[in-house]
Amino acid sequence: MKDFIIPTSMDDITNDRDMGTPASKSLEMVTLTIDGFEVTVPAGTSVMRASNEAGIEVPKLCATDSLEAFGSCRLCVVEIEGRRGTPASCTTPVAEGMVVNTHTDKIKKIRKGVMELYISDHPLDCLTCAANGDCELQDMAGAVGLRDVRYEGTENHFEVRQNGEVNPKYIPKDDSNPYFAYDPAKCIVCSRCVRACEETQGTFALTIEGSGFNSRVSFGAKSDDALHSDCVSCGACVAACPTATLTEKSVIELGTPERSVITTCAYCGVGCSFKAELNGDEVVRMTPWKHGKANRGHSCVKGRFAYGYASHSDRILSPMIRDSIDQPWREVSYEEAIDFTSKKLRDIQAKHGQKSIGGITSSRCTNEETYLVQKMIRAVFGNNNTDTCARVCHSPTGYGLKTTFGTSAGTQDFDSVEDTDVVIVIGANPTDGHPVFASRLRKRLRQGAELIVIDPRRIDLLETPHMGKGHHLPLRPGTNVAILSAISHVIVTEGLHDEAFIRERCDWDEFSEYAAFISDERHSPEAMQLLTGVDAQALREAARAFARGGNGAIYYGLGVTEHSQGSTTVMAIANLAMMTGNIGRRGVGVNPLRGQNNVQGACDMGSFPHELPGYRHVSDDATRDIFEDLWGVTLDAEPGLRIPNMLDAAVDGTFKGIYIQGEDILQSDPDTHHVAAGLAAMDCVIVQDLFLNETANYAHVFLPGSTFLEKDGTFTNAERRINRVREVMKPKNGYADWQVTMLLANAMGANWTYTHPSQIMDEIAATTPGFANVTYEMLEERGSVQWPCNDNAPDGTPIMHIDGFVRGKGQFIITEYIATDERTGPRFPLLLTTGRILSQYNVGAQTRRTDNVVWHDEDLLEIHPQDAENRGIKDGDFVKLASRQGETSLRATITDRVSPGVVYTTFHHPDTQANVITTDFSDWATNCPEYKVTAVQVSQSNGPTDWQKDYNEQAAQSRRILPAAE
Amino acid sequence: MSNTDEKLVRMANQIASFFKTQPGDKATASTAQHIKDFWDPSMIAQMRNLLANDVEGLDPIAHAAAKEVTAA
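Top to bottom, those sequences are chains A and B.
Count along the first sequence starting at 1, add 734, and that's the number in our numbering.
Count along the second sequence starting at 1, add 9, and that's the number in our numbering.
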């Protein structure tokens, strides 16, 4: 007799079986007998799951382990000794000493009958069906031994014509969504899709209409098709569907995949794990991996479906060079391109000095690639002129959290949200920017957690169906510090702070000084109301809710960091978490939502000009010694130039060459005119990217990049989780990005000999204490690990600062509100703020080259009805958007989602060039640009501005490619 | 003053305006340290040049900090 005790099976990353119902988290164990085998499982486990643990698969259709049991299909019935009837095993919890039989004659007969009924209303076109070989209905028909269907329905749902007449119950296929088809003829109404939309995604776009035989899955109101419904195309319903009713169009077109590789999504900072499913080297589909610890089997429209850019015809697969940017590109071999580039860079250095060149590492690339780029700049270029796009997004997070807590990173894992009771979301729009995390948060909100949103816009999270209490504090852009100070003022003056925590974990004298500062009347919500535009009473209620609400967590995004007081705001957030005792356990913490897939990693890997890997200042002799010994060079002990400083120096004529890997600074950085002037002033701009991006209009060398599907490496997500990226197919451009960097470095004399990214990780581990125990073998075994991972934390660190802060005592910082220099006035009376939309990603280089454009094919300007009326603007009108920096034009959409006086747009399309408008004001500590506040005017317009026309002309000229020489 | 000069002055002022709000009397020292930690030597050299030419618009704390950094 075999005994099964498998309490940890939920963590067994090699087990991809569908266990039928979710795992129970109970610590109490229950022993029962199933078909004579004894099995021990946590209390609360279903009989179905317990049976699966024992290796006995009970047939099922409506059950799947990503959803709560539903008990509708009647296929999973079992007999339990001492109980009457045949209960459904999915909805029956185990009990001590229970004796279950899953396969009696009675059960077998019931199951066969159930299947016979299902199949009587199902087309028998299995051979040509897209789900052939991947269909649970087919599997179950086989499992119960169905050989014959005696019934012929007088009515059915699948025949177009029945009895010579048009079948009124037949609903044609809905092909409106670009990525999946909905074929009602194949539906068995198991409700898995409806439940997935509710439980997993939290959108509630799907419903069951009608009852009994007339029950149909529907995308909301009758006129709605999939595309025009509330559906956000996350793919959860498609993954949950047991038949071909909801199927990826790629599977319909390409057939069922024959192999799969686990990898990590290259879009946002959530870092979802995916199974890339392939035929040969063709990706058939990307499905979320159930053991991915960031996403727990969920996905969004970008990661799940928007990978088509990897094989888009716009991809540049050969290196190209030119002597000046008014010339067309010339395709050359890698040898020639690298030779041309290395000579040019060395010539520049010979003429203008060692520090006249630099580079930008990419938050889109792997840790290993980023590490190599900064290594090349420091060790081969011989200076510290390295920076990364985190400069323009989360650099204040690094500075602020290092100052207050001692580590430049978020404090929690994503699972932590399951224990959160009250959450502040400030300057972030998770349903669009970090959709999979938003779904996890929404699940908790539906369980009753309280939500406080601090944002100029009414974001979708506030409209979560069935959620607990929600607060919205719609502040004026630029007043984050004022709002957070007012919240802290309420907490401290009303005595709601956690004195015991502060005394134990922070410096009490420092807090006392802070308390005296924050208690001043000038920080009261009433005093701040005029400045912030937020109702004082509403703010008091939100502050009390956060302080009294139990586990309080703060999630924030670029609406916090991209301000002249970005770093101060991060420290104000840290203050708030410390004073309420919300640090060091599950359900709490300070959680930056990172924009790009590897922003965290790029920062960890020493991309900043003042820091070597592991956030150690370049002036620190001991740290430099480590790298000098290993690399055999002398390193510069002074900080290098940051991106804006590089551009300034270029305009001034002292900075002449730049290597830019996977970053489009011309579109993504503020004040486009200035960026263009800086790039135009350089003698050698090297762009390494998938496409001829906007920056490449000013480049002399183009080195083709590889996609995340084409290389090995690691990404580190917003929860410090190091996830493996795996080579799913060979690089279409011939080399992975780390290899291209190595070619250039070696041409400049580096003598690097890496043959696999794992060797680069070994070097990172050998030099960087937080990564000391990280190896590819470990990641292979565990799936992922959160840094720090070293001898002190061999299993990694899901939650930081548990027993004490990394810096010792948590530091309270005085956070005085200082208004930005960007002010509204008579000429520019409105405030522009910017953000993202769900279907598009950052500069859009990837997503614009996918079918995601059906949701968002242009950037729109959101404007309040009152402001629109004052200007005679109607919905859909072309409007001119002007600031002190520049002007552009785009279409307006009228909405009360923004307050009067505030306008909003996205920055996904180069035609719009939202950054022509933004200023070069920046965060006081880190120079992170102030994207989120620009004084603007909006007026009627006939179409594109002269700038847009000139820009497009220059871009078209610059993108010319000469036919390859024979 | 060039555009870059103006930016340097603004950056120094912004740093000073934060440290001025901090308790104690370390505003000048902290501003100077921040500049040392984050500015490239060429930026510091440019600031030295600005000071030599009696640059206008520097906040007194920023001015004192800039002097301290550039003296080194």
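Calculated directly from the structure, the hints in this document are not laboratory data.
We put the beta carbon where it would ideally sit given N, CA and C, even for glycine.
One should not assume that every hint holds.
To be verified - For the chain A half of the interface with chain B, some residues (derived, Cβ under 7 angstroms), not all of them:
| no. | residue |
| --- | --- |
| 1 | I996 |
| 2 | E1238 |
| 3 | D1241 |
| 4 | D1243 |
| 5 | E1247 |
| 6 | L1369 |
| 7 | P1373 |
| 8 | G1387 |
| 9 | Q1545 |
| 10 | E1550 |
| 11 | I1552 |
Taking the hints in turn, this is what the structure says about them:
{"no.": "1", "hint": "I996", "verdict": "violated (40 angstroms)"}
{"no.": "2", "hint": "E1238", "verdict": "violated (22 angstroms)"}
{"no.": "3", "hint": "D1241", "verdict": "violated (12 angstroms)"}
{"no.": "4", "hint": "D1243", "verdict": "violated (10 angstroms)"}
{"no.": "5", "hint": "E1247", "verdict": "holds (5 angstroms)"}
{"no.": "6", "hint": "L1369", "verdict": "violated (14 angstroms)"}
{"no.": "7", "hint": "P1373", "verdict": "holds (6 angstroms)"}
{"no.": "8", "hint": "G1387", "verdict": "violated (11 angstroms)"}
{"no.": "9", "hint": "Q1545", "verdict": "violated (11 angstroms)"}
{"no.": "10", "hint": "E1550", "verdict": "holds (4 angstroms)"}
{"no.": "11", "hint": "I1552", "verdict": "holds (6 angstroms)"}
Checked against the numbered hints listed earlier, the structure breaks hints 1, 2, 3, 4, 6, 8 and 9; every other hint is satisfied.
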